[in-house]
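A.B. asks: Each of the two chains sits in its own frame; use the hints to bring them together as a complex.
The chain contents come next:
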Amino acid sequence: MKQYDKLLKDLAPQKFGILGKVWITFLAVIILIALYAYYQQFDKGLVITGMRDYALWGVYISNFVFFVAISLVGSLVTAILRLSGVKWATPLTRISEVIAVAAIMMGGLTIIIDMGRPDRILNIFLHGRLQSPIIWDVLVITTYLFISLLLLYYPLLPDFAILKKHFKNKPKTSKWYGKLSLNWTGSAKQERIYTKSIRTMSVMIIPVAFAIHTVTAWLFATTYRGGWDSTNFGPYFIAGAFVAGAGAVVMLMFILRKTYHLEDYITDMHFDKMGKLLVLLCLVYLYFNINEFLIPAYKSTKEEAAHLHGLFFGEFSLMFWLAIIGGLVVPVLVLVFRKGRKPIPLFIIAIIIVIGAWWKRYIIVTPTLLHPLLPIQGVPESWHGYFPTALEWAITFGTLAAALLIMTILFRYLPIVPIHETAEEKGFLKTEETETL
Amino acid sequence: MEEDKKKSRRNFFELGIKFGLLATVGTVAVAKAMDDEDSSGMVELMSTDGNIIQVPASEVHDVAHKQHDDYDPRVGIPDKKFVMVVDLAKCTNQLKCQESCNKNHYITGDNAWLKVYKMQESEKTAPYWMPTLCQHCDKPPCVKVCPVDATFKRQDGIVLIDNERCIGCRFCMAACPYSTRVFNWNEPDQPAAAHEGEYTPDYTGKPSVKGTVDKCDFCPHMIQMGELPHCVSACPNDVYSFGDMYEDAVTNGSGQTFKLSKLLKERAGHRLLEGLGTEPSVFYLPPVNRIGDFEEGMENYTEFQSVKKTEE
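Top to bottom, those sequences are chains W and E. The first sequence lines up with residues 1 to 437 when you count with our numbering. The second sequence lines up with residues 1 to 312 when you count with our numbering.
Chain E with its partners taken away, still in its complex shape (with noise of 0.2 Å):
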């Protein structure tokens, strides 16, 4: 079953980017393909206007591995802007999503990059779980402000930390109203894994450096292998969706895909703290339909701990 739906899910978004580059050869190649008489060969995919369309098998190319030469973790991958859809209906604060990204990103202090809050706007209204990592803003305010570029916004819209350069000023972390940077105050007491390899700012955490900051990446490493981010994938509610606005789809860690724009406006999708300007590629679902109890969370919930530590 955790294969299937893994295998699903792989398979989708190759498809998406195979289908992307059919787009771009131009829809006479998608009409010769229609014309073939032979279905056998088909293979189905969605169009951007959201119809499922078949596609001869033989005319869709594996791309989806192809390493870009140039591909340089500061510019990030061309004609994309990756997305993320959070159902609040769905969130139940498993925290499966924290342990996954801890665990990943080897994340040892004392405060994660992905939490989930318990939420209540005011006393008469309901309670809710709200996820929360970095919003990485298309007009971001931590970009803004950092005096020696280490971190920066890519042409895919992921906003990242050259640790290599960070000189530890904190400014980003005043200057981010979502408070999802953090700061390694210390030496941080990683694995050996966490050092394995060349630094590349593509994978945050590996390894992370002392005095300099540290937040949610998206997970570019996960995205060039064609995999969701990890807490994407370890959501055992279907909490998130990750995908290309571009494309106009995302999908959950089922394999599920949904057309972002009909989900933004069936569900009535939200930015948070919108007002701002700041343009998070971050998007919500009201937590309306739940599928579970505000009070089931309450059981994961813990005040002033977000990344368990190994002892315990």
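Okay, chain W solo, but in the shape it has when bound (with noise of 0.2 Å):
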């Protein structure tokens, strides 16, 4: 009993402390200089940013791609670990589905930022044509998002009847998480609806998962351009994509766990299978990377090859190599020892993850398309590059803000580390149960 008391006391949500509030007001301010900058992208149209009629997708796009990317680790964690009985990944759940919420929320939203007519974002409803793989993004990615809600919320719902009782003392609270446990009781029969529903959704999300990161692949492979025209594409997303959401668990598993003092749940053992499963998604990652590029590379088709070139030796070979041997040869080389596997190490590598993640994203977008099968004539000097402007940083920071955002006020509110489930595997709940009864 003394035991499920300081779980409780430990996992229930916290008010905000001091660095709390900075974070949350860096955060707006970050989200409000990003608002001012959309809204001269409104009033003035796309010329803001460092797009032109060759470099047509830039920063904005990339960015987006990230996103997606980083989302598919809610079905990585909740539903593929869980399906496979994985038993120690349980804390981490609910810290991957918050992730994979807000991204996709913010991924939905920056491809709206995107778009040159956002105000007529109802025709995609009113004149939508099933054969444009945008029709097939906007569906695929509402249904991520609406599985991800739920598969967010449902294992909430014991821990929201937990909640209503622990916060007795303050009945507005109490009220609002017995509104959110749906009267959970966790009699036998809620129980069974619940493992069923959850076990359902687990199973639905992984192929909507792989279909939201293959179709976003496809809105470039779909194209004849050099470094996009491939069939390796739709596996290639895939398999980075775990690799950065992996990297931004890892990432919130370290904060949070310093924030929340939960060192008796994120344990050490975490970091170190977390940084296994890095590993192994690196390896694989690492695999179609060789596939994407050195096989063009061997052909060197002329568009290939000054595409490759750009990549390998060029103007963009600082990125590339930094995303290839920073982003996946590095972590493989440190994660494989169990020194490096521990949590500063690993949080260390999961920040170069991560960064090489989104910088990957930025060149697989942008150098292709300064590299067009006609040449580039009769346009400034300045449409033959592609730089993002302060601008477009501003709104592509504030997307990353909002992201951060969403997640900071869901951790307030929600437990980081699932409660029910928790006590459930270190048979506290039993005990508590029987008292209650």
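Treat the hints as calculated values from the structure; they're not laboratory data. Computed from a predicted structure; not experimentally measured.
Here are the simulated PhoX-like pairs of lysine-lysine, each with C-alpha atoms no more than 20 Å apart in a straight line: (1) E:K259 to E:K80; (2) W:K339 to W:K273; (3) E:K118 to W:K302; (4) W:K6 to W:K168; (5) W:K302 to E:K124; (6) E:K210 to W:K44; (7) E:K308 to E:K96; (8) E:K259 to E:K90; (9) W:K258 to W:K273.
C.D. replies: Structure (structure tokens):
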């Protein structure tokens, strides 16, 4: 009983401290700047960006791909690991599901930010054509968001009921948690429905998750351009998405564990396991990268050669090698050693992985567009290249800040580590339930 | 001279359309007309197999200017398949085509819809000038990817954009292997004339709309009047010929008409990036036996400009 009380005390949502408030303000300021920048864009048009007729997609689209990629981790940890009976991942399920929800929401918003006529968004529903991969993307992203929300919400029902009791002396808070718990009592019937629906959702989300990122890859692979015209693109994107997402989970694990003192629940063992998982994911992604770059380089058709030269040795080489060596090779080399999988080194590696993954999307989108099939002629010299403008960066950072804000707020009101499931696994719940009976 | 040229061109176009009608009336009518002894009221027409035949003027009815009441800019003109032939042997980069196109479509951005590329396949091969515009593909990749049916292909083969529907996602631009699509990154600074009349996808650039895509429209607004597209009539070298594939005839700016199939066969016509399977409606004749020196064109060549600004 004492143990259970401690567990509850540790895991129940906590008010923001000073650091939390500073963090929220910081994010809010970035978002406000982004809103101002977006107002400029809405008013003057996309001319405020660095994009032009050749570099017709830029950092917005690569940021969108990044968001979709990161969101896939929800399905990896909650669904794939859950279904394969991996017990150690339980304390990480909520973190990954929160990442999934926040990322996919901002991914959808980023696409709207990239539109030249956001005011005509309803045309997608009024005049939508199933032939267009964009419509597929709209369909799967909304489906994924919906299932992700449910997969975040269902496992929370018992937690909400627990929190309702826990916050008895705060009637308002208690009432809210009570409402959200949908009258969860923990009866055998409820348990049955609960377990069954989570299982069903876990199965359902896997194909949808694969679909969202495969379709995102197809936005590029359905064109004729060197660097995009690849049958490898779907699995290549998925493999990369798991790396980015797992990196993000490790980052949050470390930060949340420190801030909310969750050392008893997110242990070194979890970091060790996630480190091992990352080695596997990086190796798979590395394999796809070898396919994606080495084979076109071997053939070196004119279009591919121009594109690859820019990546390997040209203006994009710094980002490219950061993403490949920093974001994939170094992590494998460090994380194969037990010492490398300790929280601090793993955290540092995870930061590099996530930053590398972000730039990787950038160099998937932009360089290809600068090597069209017919030469670039008759346009201003600046149109031959692309780099985001300050306003474009402001909007991009705003979307990233908004995703972090959504996560921060969700972590403020939801138990970061599932209370019910943890108690059940540790065998605390039996005693608690018998006592209440 | 200029007047004459215009007149003869228009005449041919009208006659072509009249003959098209005649053919549908049937061979009986033609045979009957041929029987007519009186040769004074005869007009010469070219049949679909390229022979010149005479038909009494009285049997030829004026239909060219008849507007179809049910004409829909999304559907196009029935029983037509518009094509263009670009003769690379004649292009000396005088850019009259581009000037005319820019002017008549009120293009004020930094990227023209019609550009004359300085091309050279490899170091050891000769450079040449290659006018490039929307290829009006039969299997247009841009139309395939448009999420809202804003860009579409008509039954007469013309690919257009509805700028009142376009959401500005630019997927069509990414999909186009010819990079002929142009985006309105800001509010277009067009003259008042661009805003006259009601908007129709038939006349791209009238007006251009911020946040939407533009491109060469094959000038359906000119075709409707029985005229040739602006670039075709502006070219001093008769680089361009325009016509109907079903009639197997194309006409150049001077009003000369050629049998399309014969032209493509004799001059070894080809299309751009044929291997992609996009089936363009624009054919190119290779730059052999050129009428001018490549170097002549260098005078007008501006690597970083395709739309002349008014203040210059």
